[in-house]
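Colleague: Each chain, written out:
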Amino acid sequence: MTEISKKQNFTARYGWIFWGIIVVFLYIWSLTGLQFSGLQESAGEVSKSIINGLFHPEWSYFYDGSGEDLFSLIIQTLAIAFLGTFVSAILSVPFAFFAARAPKEGKFHPRSTSGKFVLVFIRTFPELVLAIMFIKAVGPGSFAGVLAVSIHSIGMLGKLFGEAIENMDRGSEEAIQSAGGSKADMWLLATMPTIMPEFLSYTLYRFEIAVRSASILGMVGAGGIGTPLLFAIQTRNWSRVGIILLGIIVMVTLIDLISGSIRKKLV
Amino acid sequence: MDKDLLPKRSFAQKYHVRGIGGTILFFFLLWGSAVMTGVNWGDFFTNLDQFFDLLSRMAHPAWDYTNIVIQPIIETIQMALIGTTIGTLIAIPFSVLAARNLVKNPIVRGIIRFILNLVRTLPDLLLAALFVAVVGIGSTAGVWTLAVFSFGMISKLFYETIETIDDGPLEALRAAGANNVQVVVFAVIPQVLNSFVSYFLYTFEINVRASTVLGYLGAGGIGVYLQRSLSSFRYDQTAVIVIAILLVVIVIDAVSNKLRERLQ
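Chains F and C supply the protein sequences, listed in that same order.
Everything in the first sequence is counted per the working numbering, starting at 808 for the first residue and increasing by one.
Everything in the second sequence is counted per the working numbering, starting at 445 for the first residue and increasing by one.
Derived from the structure by calculation, the hints contain no laboratory data.
Heads up, the beta-carbon is just placed ideally off N, CA and C, and yes, glycines get one too.
Where hints are given, some of them may not hold.
Heads up, simulated EDC-like pairs for lysine to aspartate or glutamate below, C-alpha to C-alpha not over 16 Å straight-line [said to hold, decoys possible]:
no., chain 1, residue 1, chain 2, residue 2
1, F, Lys911, F, Glu980
2, F, Lys1071, F, Glu1005
3, F, Lys943, C, Asp697
4, F, Lys1071, F, Glu980
5, F, Lys943, C, Asp497
6, F, Lys911, F, Asp976
7, C, Lys600, F, Asp976
8, C, Lys702, C, Glu649
9, F, Lys911, F, Glu973
10, C, Lys548, C, Asp611
11, F, Lys943, C, Asp611
12, F, Lys923, C, Asp487
13, F, Lys923, F, Glu973
14, C, Lys548, C, Asp497
Non-contacting residues of chain F with respect to chain C, defined by C-beta distances greater than 10 Å in every case (computed) [as the list claims (entries may be wrong)]:
no., residue
15, Phe904
16, Lys943
17, Trp994
18, Leu1011
Some chain C residues close to chain F (C-beta under 10 Å, calculated; not the full set) [stated by the list, open to error]:
no., residue
19, Val479
20, Pro567
21, Ala573
22, Val657
23, Leu670
24, Ile685
All chains, full assembly: derive it from the sequences and hints.
Modeller: What follows is the structure, encoded as structure tokens:
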């Protein structure tokens, strides 16, 4: 008895020293491992120009009717995110049922565990690499962006959908079954209507993320606002960088607001 | 049954204007997006063999490349750790100033929250492109990118935690004549420390994922090699890098999840 309390006392009293040493070691390891190149001489000047560009954006770039202006490209970015999320929401449903554990199944079920692993793999596969692979297939442009968003989003949507299925209320399914409904009836009349609001809410949430990623996919040539942004940064055209940054900030904020208010109504 | 006794439905309800209109609008948006982005499924399926050719080349990873990959992937983790730490240190004062129960002045709170919202809208690669322009190519740019990126995320998580704390200890300290700093140190910090560490680990996980691609724009870490292998069409090397990223992310997630469970 006293032995145990002594032991607990020991870890409670000196446990933090152990963790402290680990943390200190980690930081020393990281700080010595990184090569801090130091700031460029032009760093101050460049950041001054960026801030200056943010306050003096090139308004003429906003819309000039050429289709290569900010407004058209922002719409294109939204279109990539919208279409990509739509396709991935449909593709995610089979993955979700594949990865979801049925209520009576144990922790390690071959189907559900392998399904979850596939989803982890899709989620970790960098979206940029996916975009470059699709550019090889369909050529540079926003279609490659749509495909990259569609495939990459399956990783997260499949996981969220699967968790929704695992946690859903099975009462209505049982009701249909006991009334003599077939498996298809059960799925169509009980499972889908029960999880639909959650599916939609997660899809909207993913759309918010897709808008952010669609705005940078252009940096590898997959359409949207990213291409002119990277170009403007490389040519040091700071007033153009300024207006594009403003455009992205306004776009993301608006989409977050709209999608957030719809999601509040859904759940 | 008398028809007049039935409740009247408006025109919009009778003809399901909202449902039908919403569906039409949705399909119109889909169609518009497809036109905007130049969707061409025919093109996609005819070129699918090229995509599979690429995949089959990735299915034969160049294992001898592993030795070269280890160093940058360690650099990636180090970048994520330092970046998250800097972001967290900046986030702490901001989250205190943005919390409703600590700062009663709505103007100060509003300004701070506005700044935080602005920072959170910026995608990670965009920040990387900017920081590469400011501090030059290398892992320093990556560290600053991750610092700013995690600053936006973590200050929101932090101030939401602060807003849920128990007011009792705060009132007790104020009644005993403590000043604001003492209230924060003795009443707020003990209540939020566990969630703070937990959120720090969560942000670290996200940053490890993010840092793997930052190098694509020159911000250090494994992304530099990713870009190199892709631009030289060495997809067998790309495969090794992707596998390495996968392993690191899974290990970091598992360790961080274990630690976060213990904190709860």
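Colleague: If a hint holds in the structure, say so; if it doesn't, say that too.
Modeller: The hints, checked one at a time:
1. F:Lys911 with F:Glu980: 15 Å, holds
2. F:Lys1071 with F:Glu1005: 11 Å, holds
3. F:Lys943 with C:Asp697: 32 Å, violated
4. F:Lys1071 with F:Glu980: Violated, at about 26 Å.
5. F:Lys943 with C:Asp497: Within the cut-off at roughly 10 Å; holds.
6. F:Lys911 with F:Asp976: 14 Å, holds
7. C:Lys600 with F:Asp976: Measuring from Cα to Cα gives roughly 32 Å; hence the hint is violated.
8. C:Lys702 with C:Glu649: 12 Å, holds
9. F:Lys911 with F:Glu973: Given pair lysine 911 (chain F), glutamate 973 (chain F) holds - Cα atoms ~11 Å apart, limit 16 Å.
10. C:Lys548 with C:Asp611: 14 Å, holds
11. F:Lys943 with C:Asp611: 58 Å, violated
12. F:Lys923 with C:Asp487: Judged against 16 Å, a Cα distance of about 32 Å means the pair is violated.
13. F:Lys923 with F:Glu973: 13 Å, holds
14. C:Lys548 with C:Asp497: 62 Å, violated
15. Phe904: 23 Å, holds
16. Lys943: 6 Å, violated
17. Trp994: The assertion about tryptophan 994 (chain F) holds, with a minimum of 22 Å to chain C.
18. Leu1011: 13 Å, holds
19. Val479: At about 8 Å, which falls below the 10 Å cut-off, the nearest Cβ of chain F leaves the hint on valine 479 (chain C) intact, so it holds.
20. Pro567: 4 Å, holds
21. Ala573: OK, holds: alanine 573 (chain C) within 10 Å of chain F, min 5 Å.
22. Val657: Because about 5 Å separates valine 657 (chain C) from the closest Cβ in chain F, which is inside the 10 Å limit, the hint holds.
23. Leu670: Because about 7 Å separates leucine 670 (chain C) from the closest Cβ in chain F, which is inside the 10 Å limit, the hint holds.
24. Ile685: Holds: closest Cβ of chain F sits about 9 Å from isoleucine 685 (chain C), inside 10 Å.
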